[in-house]
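Colleague: Chain B: place on chain A using the hints.
Letter by letter, the chains look like this.
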Amino acid sequence: MEITVRGLWTLIHGMGFGALYLLACSGALVELYRFTASSPPSEANPGQERFLKGYLVAMVVLAWASVLTGAYVIYPWYRTAPPPGTTDLAMFPQRLLMASSTTIGWHSLGMEWKEHVAWFAPISITMVAFVFIQYGRDLKNHRQLRAAVLCFAVVSFVAAGVAGFCGAMINKYAPVQGGHTIQLSQGEGK
Amino acid sequence: MNMPKSATSPNRSALTNGSGAAAILAAGIGSFSLALLACAGDKLAAVKNGLIFYKPTGPLSGVTTGAILIWLVTWVILEWRWRNRTVGIGRIAAIALALLGLSLLLTFPPVVDLF
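Order-wise, the sequence lines are chains A and B. In this text, residue positions in the first sequence follow our numbering: the first is 2, and each later residue adds one. In this text, residue positions in the second sequence follow our numbering: the first is 33, and each later residue adds one.
Same shape as in the complex, but just chain A:
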């Protein structure tokens, strides 16, 4: 069982940072709503509020780590141009997708959309975390501020979802591969 360095980075970007961020989003949305809209002040628990602040900061780190590794580590491998005369495009994912009418859409729609929409996630969640750290439970006294923050949190979730879906599909049809091979385990005969 083995994996290439590029494959490992793609895994870290998508499954590590991206998927973990998406998983965290649903919890953050529920908790943000619960903390700022529903419970009466008598139920205030500073420990829970501190936990949610830490949770949101972790989401900010995950979101930025995901877009930065995507744009500056994996995307350059994805868009590498093949030398003239190359017939095997397996190492050039963008050109591999563009070479067939059945897969070109995954580049022209999927990657073109993903590479930009993904950035709304870290921008939005950074703002959400900042506002929650600043206001905490006091957000319930700022109804319109709270509604806007929740809208941005939902958009962050949707943007990350679109990027995650497109990324997974692109990697299915034209995986980013190459670099050194890392041996994970030795195969055993049956």
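Hints were generated in silico from the structure; no laboratory data involved. These numbers come from a predicted model, not from an experiment. Backbone N, C-alpha and C define an ideal beta-carbon position, used for all residues, glycine too. Hints are not guaranteed to be accurate.
What the hints assert, rightly or not - If you want the footprint, here are the derived chain B segments under chain A, 3+ residues with CB under 8 Å: (1) 57 to 68; (2) 84 to 97; (3) 113 to 126; (4) 132 to 139.
What the hints assert, rightly or not - Label pairs and their in silico Cβ distance ranges: (5) B:V79 - A:G48: 48 to 56 Å; (6) A:S102 - B:E111: 44 to 52 Å; (7) B:G122 - A:S27: 23 to 31 Å; (8) A:P47 - B:F85: 39 to 47 Å; (9) A:A91 - B:V108: 44 to 52 Å; (10) A:T5 - B:P88: 46 to 54 Å; (11) A:V62 - B:T97: 16 to 24 Å; (12) A:A91 - B:R113: 51 to 59 Å; (13) B:G133 - A:S27: 20 to 28 Å; (14) A:Q49 - B:G82: 43 to 51 Å.
Modeller: Here is chain B on its own, set in the frame of chain A:
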């Protein structure tokens, strides 16, 4: 009598909404800048070349770096101006959400192709 900034009564807030409004509007402006730069880079070759800050990543490096700078500078300026003020949050939130909605539209390739 001076009241600590964080002291709140059950129904009324001692915190002004300026800081939150600054963060929300700056996020809307930052997102819209990203969409505009991406759109401009897609349509104009000169802009596209000018946005190549890091060659392996291509114009995406300039689009995102430019948008992040606009977002952060806007945020710092608005925070500095509104930090201790109460502002019209309804209008500001509506503008920020409209900018965010436009950003989502302008980054969707079939919409960009209409221009």
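Colleague: Determine for every hint whether it applies to the structure shown.
Modeller: The hints, checked one at a time:
1. 57 to 68: holds (count 6)
2. 84 to 97: holds (count 8)
3. 113 to 126: Result for this restraint: holds, n = 3.
4. 132 to 139: The restraint on the segment 132 to 139 of chain B holds, since 4 of its residues have a Cβ under 8 Å from chain A and three suffice.
5. B:V79 - A:G48: 48 to 56 Å: holds (50 Å)
6. A:S102 - B:E111: 44 to 52 Å: holds (50 Å)
7. B:G122 - A:S27: 23 to 31 Å: holds (28 Å)
8. A:P47 - B:F85: 39 to 47 Å: Holds, at about 44 Å.
9. A:A91 - B:V108: 44 to 52 Å: Given about 46 Å between the Cβ atoms, the range holds.
10. A:T5 - B:P88: 46 to 54 Å: violated (18 Å)
11. A:V62 - B:T97: 16 to 24 Å: holds (19 Å)
12. A:A91 - B:R113: 51 to 59 Å: Given about 54 Å between the Cβ atoms, the range holds.
13. B:G133 - A:S27: 20 to 28 Å: About 22 Å separates the Cβ atoms of G133 of chain B and S27 of chain A, which means 20 to 28 Å holds.
14. A:Q49 - B:G82: 43 to 51 Å: holds (48 Å)
Hint violations for this structure: number 10 only, all remaining hints satisfied.
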